[in-house]
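**Student:** Chain residues, written in single-letter form:
Protein chains: 2
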Amino acid sequence: MEDYQKGHDVIVVLSAMGKTTDELIAKAHEINPEASKREMDMLLTTGEQTSAALMAMAIGALGVPAISLNAFQVPMHTTSRYGNARLKAIDTERIQHELEERKIVIVTGFQGINRYEDYTTLGRGGSDTTAVALAAVFHADACEIYTDVDGIYTADPRIVKNARKLKEITYDEMLDLATAGAGVLHNRSVEMAKKYGVTLVVRSSLNNSEGTAVKEEVDVEKMLVSGVALDKKAARISVMGLKDEPGIAFRLFQILAKNNINVDIILQSIGRENTKDISFTVQEEEAEEVISLLEQNKTKITAKEITCQKEVAKVSIVGAGMMSNPGVAAKMFEALYSSGININMISTSEIRITVLVDIKDGERAMKAIHDAFELSE
Amino acid sequence: MEDYQKGHDVIVVLSAMGKTTDELIAKAHEINPEASKREMDMLLTTGEQTSAALMAMAIGALGVPAISLNAFQVPMHTTSRYGNARLKAIDTERIQHELEERKIVIVTGFQGINRYEDYTTLGRGGSDTTAVALAAVFHADACEIYTDVDGIYTADPRIVKNARKLKEITYDEMLDLATAGAGVLHNRSVEMAKKYGVTLVVRSSLNNSEGTAVKEEVDVEKMLVSGVALDKKAARISVMGLKDEPGIAFRLFQILAKNNINVDIILQSIGRENTKDISFTVQEEEAEEVISLLEQNKTKITAKEITCQKEVAKVSIVGAGMMSNPGVAAKMFEALYSSGININMISTSEIRITVLVDIKDGERAMKAIHDAFELSE
Numbered sequence: 001m002e003d004y005q006k007g008h009d010v011i012v013v014l015s016a017m018g019k020t021t022d023e024l025i026a027k028a029h030e031i032n033p034e035a036s037k038r039e040m041d042m043l044l045t046t047g048e049q050t051s052a053a054l055m056a057m058a059i060g061a062l063g064v065p066a067i068s069l070n071a072f073q074v075p076m077h078t079t080s081r082y083g084n085a086r087l088k089a090i091d092t093e094r095i096q097h098e099l100e101e102r103k104i105v106i107v108t109g110f111q112g113i114n115r116y117e118d119y120t121t122l123g124r125g126g127s128d129t130t131a132v133a134l135a136a137v138f139h140a141d142a143c144e145i146y147t148d149v150d151g152i153y154t155a156d157p158r159i160v161k162n163a164r165k166l167k168e169i170t171y172d173e174m175l176d177l178a179t180a181g182a183g184v185l186h187n188r189s190v191e192m193a194k195k196y197g198v199t200l201v202v203r204s205s206l207n208n209s210e211g212t213a214v215k216e217e218v219d220v221e222k223m224l225v226s227g228v229a230l231d232k233k234a235a236r237i238s239v240m241g242l243k244d245e246p247g248i249a250f251r252l253f254q255i256l257a258k259n260n261i262n263v264d265i266i267l268q269s270i271g272r273e274n275t276k277d278i279s280f281t282v283q284e285e286e287a288e289e290v291i292s293l294l295e296q297n298k299t300k301i302t303a304k305e306i307t308c309q310k311e312v313a314k315v316s317i318v319g320a321g322m323m324s325n326p327g328v329a330a331k332m333f334e335a336l337y338s339s340g341i342n343i344n345m346i347s348t349s350e351i352r353i354t355v356l357v358d359i360k361d362g363e364r365a366m367k368a369i370h371d372a373f374e375l376s377e
Numbered sequence: 378m379e380d381y382q383k384g385h386d387v388i389v390v391l392s393a394m395g396k397t398t399d400e401l402i403a404k405a406h407e408i409n410p411e412a413s414k415r416e417m418d419m420l421l422t423t424g425e426q427t428s429a430a431l432m433a434m435a436i437g438a439l440g441v442p443a444i445s446l447n448a449f450q451v452p453m454h455t456t457s458r459y460g461n462a463r464l465k466a467i468d469t470e471r472i473q474h475e476l477e478e479r480k481i482v483i484v485t486g487f488q489g490i491n492r493y494e495d496y497t498t499l500g501r502g503g504s505d506t507t508a509v510a511l512a513a514v515f516h517a518d519a520c521e522i523y524t525d526v527d528g529i530y531t532a533d534p535r536i537v538k539n540a541r542k543l544k545e546i547t548y549d550e551m552l553d554l555a556t557a558g559a560g561v562l563h564n565r566s567v568e569m570a571k572k573y574g575v576t577l578v579v580r581s582s583l584n585n586s587e588g589t590a591v592k593e594e595v596d597v598e599k600m601l602v603s604g605v606a607l608d609k610k611a612a613r614i615s616v617m618g619l620k621d622e623p624g625i626a627f628r629l630f631q632i633l634a635k636n637n638i639n640v641d642i643i644l645q646s647i648g649r650e651n652t653k654d655i656s657f658t659v660q661e662e663e664a665e666e667v668i669s670l671l672e673q674n675k676t677k678i679t680a681k682e683i684t685c686q687k688e689v690a691k692v693s694i695v696g697a698g699m700m701s702n703p704g705v706a707a708k709m710f711e712a713l714y715s716s717g718i719n720i721n722m723i724s725t726s727e728i729r730i731t732v733l734v735d736i737k738d739g740e741r742a743m744k745a746i747h748d749a750f751e752l753s754e
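Protein chains in written order, with the numbering used here: chain A, 1 to 377; chain B, 378 to 754.
The hints are simulated quantities; they were obtained by calculation from the structure and are not laboratory data. Keep in mind it's a predicted model, so treat the numbers as computed, not measured. Hints are supplied without guarantee of correctness; some may be wrong.
[What the hints assert, rightly or not] List of simulated lysine-lysine pairs, DSS-like, C-alpha gap at most 25 Å: (1) K27/A with K480/B; (2) K19/A with K396/B; (3) K480/B with K37/A; (4) K404/B with K19/A; (5) K414/B with K103/A; (6) K396/B with K27/A; (7) K276/A with K304/A; (8) K27/A with K404/B.
I would like the entire structure built from these sequences, with the hints used as guidance.
**Tutor:** Encoded structure:
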C-alpha cells in the first residue's frame with residue numbers, strides 16, 4: 001500500500017486462505033477418492049479466486065482502486081499437466097492496462113490455464129512461483145514473499161535460540177538450504193528468480209520487520225557459512241549384497257529416477273564375498289514407495305537385502321564462501337566429534353556439506369555447528 | 378444418468394450449493410459493505426465452479442465420464458452489467474466437443490463473461506436461465522429444472538391441502554403465476570423458454586415423481602383456471618390529492634420505471650376538490666424506496682399525501698381458458714363474497730385476475746377460490 005502511494009505499480013499474488021485448499025481436497029476425496037486431476041484443479045482454483053476477490057474488496061474499502069484477476073483473465077499459460085503444471089507464458093496486456101489505470105492488481109497464484117483452456121495448478125510452492133514469474137515479466141524492482149516467518153535465519157530459530165536473521169543470501173545458498181530442509185521457499189520459485197535475476201525479499205505477513213533479500217551476489221563479504229539446516233524427515237535406505245559388476249548402481253537409481261524420487265546422500269561400500277552395499281537417503285514420505293519399487297526389482301538389481309532406517313536426520317551447512325575455504329568441513333566434523341555425535345554418512349556440494357546423524361542427535365548437532373561457526377555473532 | 382445411458386447427450390447446469398452464495402455475500406459485506414459489483418461477481422462465481430467440479434467428481438465416481446466447464450471455458454457471453462447481466466451468446470464448440478466424447482457436461486449456471494473478460498452474474502433465477510439458454514442453442518428435447526418442489530400445483534400445497542399437481546401448463550400461464558407470487562420459476566427463464574420454444578419440466582431433486590411440463594400448447598382441453606397464487610409480500614402505496622390534469626400519472630410512474638420498480642395493480646379514483654388519488658401495489662421489499670422516491674418528488678407530482686399499507690395480499694387466478702369464458706371473474710368474486718372477504722383492488726390480464734385483500738384474509742381467499750373452481754377435482 002505504501003509502495004502504491006509512492007507512485008509504484010503494485011501487483012499482488014494471493015494463495016488460498018488458511019486451510020481452504022486442504023478442506024477442498026478433503027471434500028473431493030469424500031466424494032471421489034480417485035477424482036480426476038483436471039476436476040481437482042477446477043475445484044482448487046476457486047480458493048485463490050475467493051481470496052483475490054475478497055482482497056480487492058478490502059483494498060477498495062481503504063479507498064484504493066483494486067481489481068482481481070484469475071488465470072483466465074491474465075491469462076497465465078501453463079503446460080497441460082494437471083496438479084503440477086509449469087508456467088509457460090504470461091500475457092501482460094490486461095495487467096498492464098489495469099496498472100495504467102492506477103489499480104492495484106491482485107492475481108490468483110498457484111493457477112494457470114493450459115492449451116485446452118482448462119485450469120491447472122502449479123503444485124507445491126505454486127503461488128511463490130506465480131509471483132516470481134510476474135516480477136520477471138514486469139521487470140519488477142523486487143518480489144516480496146510474505147510468509148509466516150520474517151526472513152531466513154542462520155538456523156531454525158525455534159531450535160537454535162540465538163539464530164540470527166540474514167540480511168541477504170545468494171540464490172545458490174537459498175537453494176541448498178531449501179534442499180537441506182529449510183522450508184521457507186520452494187526450490188522452484190528460487191530457481192526461477194535466479195534464472196530471471198528477480199530479487200526476492202522474504203518477509204513476515206504479521207509484522208513489518210525487514211526480511212531477507214535473496215539475490216545473485218550479496219554485498220557484504222561472503223560469509224564462510226550462511227546457515228545450518230536440519231531435516232528430520234529423511235530416511236536411509238540400504239541395499240545390500242549387490243553383485244560387484246558395472247551397471248548395477250545405474251539400474252538401481254534409474255528405477256528411482258523414473259518414479260520421480262529424489263535421492264540425496266549416496267554411499268557405496270564393499271560388502272562381504274565380492275559384493276557391494278549401497279545406502280542413500282530419501283524423503284521419509286517416499287520411503288515406503290522406494291522399498292516397494294526395489295523389492296519388485298530385487299532380482300534385476302541383484303540385491304540380497306533391503307533395509308530402511310527412519311530414525312535419522314540430515315544436518316547441513318550452506319555458504320557461498322565454503323568453496324575457497326578448505327577447512328570448513330573439518331571444522332564441522334570437529335564440532336560434532338566434540339559433542340560426541342556419530343556421523344553416518346556425508347555428502348558435499350560446492351557450497352553445502354550434509355551429514356546424516358541419528359535423529360536423537362539432530363538438534364544438538366545443529367546447535368554445536370551453529371556455535372562452532374559463530375553464526376549468532 | 379438414465380438419459381445418458383440410453384445414449385442421449387446430457388448437459389447439467391448447476392447453481393452454488395445450499396447457502397454458499399449467501400455466505401459469500403455475508404463475508405464480502407463484512408470486509409467492504411460497498412464492495413464493487415465486479416468483485417462481488419468474481420467472488421460469487423466460485424460457488425458454481427465448486428459445485429460443478431464436485432458434481433463432475435461424483436459422476437466420475439459412478440464410472441461415467443464427466444467434465445465441468447465454467448463461463449470462461451464455454452464461453453458464455455453476457456452483457457457488461459455486473460450482478461444482473463443478460464446472456465448474449467453461447468459458444469457451442471467446446472461443449473459439443475465434450476459431448477461427442479460421450480461426456481456428461483456440467484456447466485456453471487448463473488454466470489457469464491462480458492466483453493472485458495470479467496465474470497458477470499445473471500441475477501435472480503440465473504441458473505434456470507443458463508439451463509434454458511443451453512437447451513435452446515443445443516435444441517434439447519427438454520430442459521428439466523430440478524427444484525425443492527416436484528411440480529406446479531393448482532395452489533401452494535402448504536396452504537391448500539387438496540391442491541393438485543398440474544401435468545402441463547402453458548408458458549403464459551406460468552408467467553402469470555410467477556408474477557402472481559408462485560415462486561417456483563423465475564419469469565426470465567420462462568420468457569426465454571417461450572421465445573425459443575424450449576419445453577421446461579419442473580421436477581423435484583429429492584424424488585423421482587413426474588413433474589410439470591411448461592410449454593406453448595397443452596394437450597388436454599384448456600382448463601378454465603390452472604391455478605391460484607397467493608403473494609403476501611405486496612404493499613399498497615396510495616398517492617392522494619393529485620391535481621386532476623394530464624401527465625400527472627405519467628410523471629409518477631416514470632419516476633418508478635426509471636428506478637426499475639415494477640408496479641402491479643393500479644387504481645385511480647376521484648378525490649375531493651377536483652383532485653384524484655392513485656393507488657398501486659409494489660413488492661414489499663421495494664416499498665421504502667418507493668415512498669422515499671415519491672416524497673422527493675412530491676411537488677413535481679403535485680401529491681398532498683403518500684401512504685403505504687403493508688398488511689395486504691394479492692390473490693390471483695391464472696388460466697388460458699379464461700379468455701373465452703366471461704363468467705370467470707364473477708365466479709371468483711362470488712367465492713370471496715360468500716366467505717365475507719373484502720376486495721380492495723382488482724387487476725386483470727387476458728389470462729389472469731388478481732385481487733388485493735387484507736393479509737389476514739389471504740389464505741382463506743385462496744382456499745375459497747380453489748374450491749369454487751374445483752381445482753382439486
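**Student:** Now tell me if each hint is right for this structure.
**Tutor:** Now for the hints, and whether the structure bears them out:
1. K27/A with K480/B: 23 Å, holds
2. K19/A with K396/B: Holds: K19/A and K396/B sit about 20 Å apart, inside 25 Å.
3. K480/B with K37/A: 16 Å, holds
4. K404/B with K19/A: Holds, at roughly 17 Å.
5. K414/B with K103/A: Cα-Cα ~16 Å, so holds.
6. K396/B with K27/A: Cα-Cα ~17 Å, so holds.
7. K276/A with K304/A: Holds, because 10 Å separates the two Cα atoms, which is no more than 25 Å.
8. K27/A with K404/B: Distance ~21 Å between K27/A and K404/B Cα, so the pair holds.
Against the hints set out earlier in the document, no violation occurs for any number.
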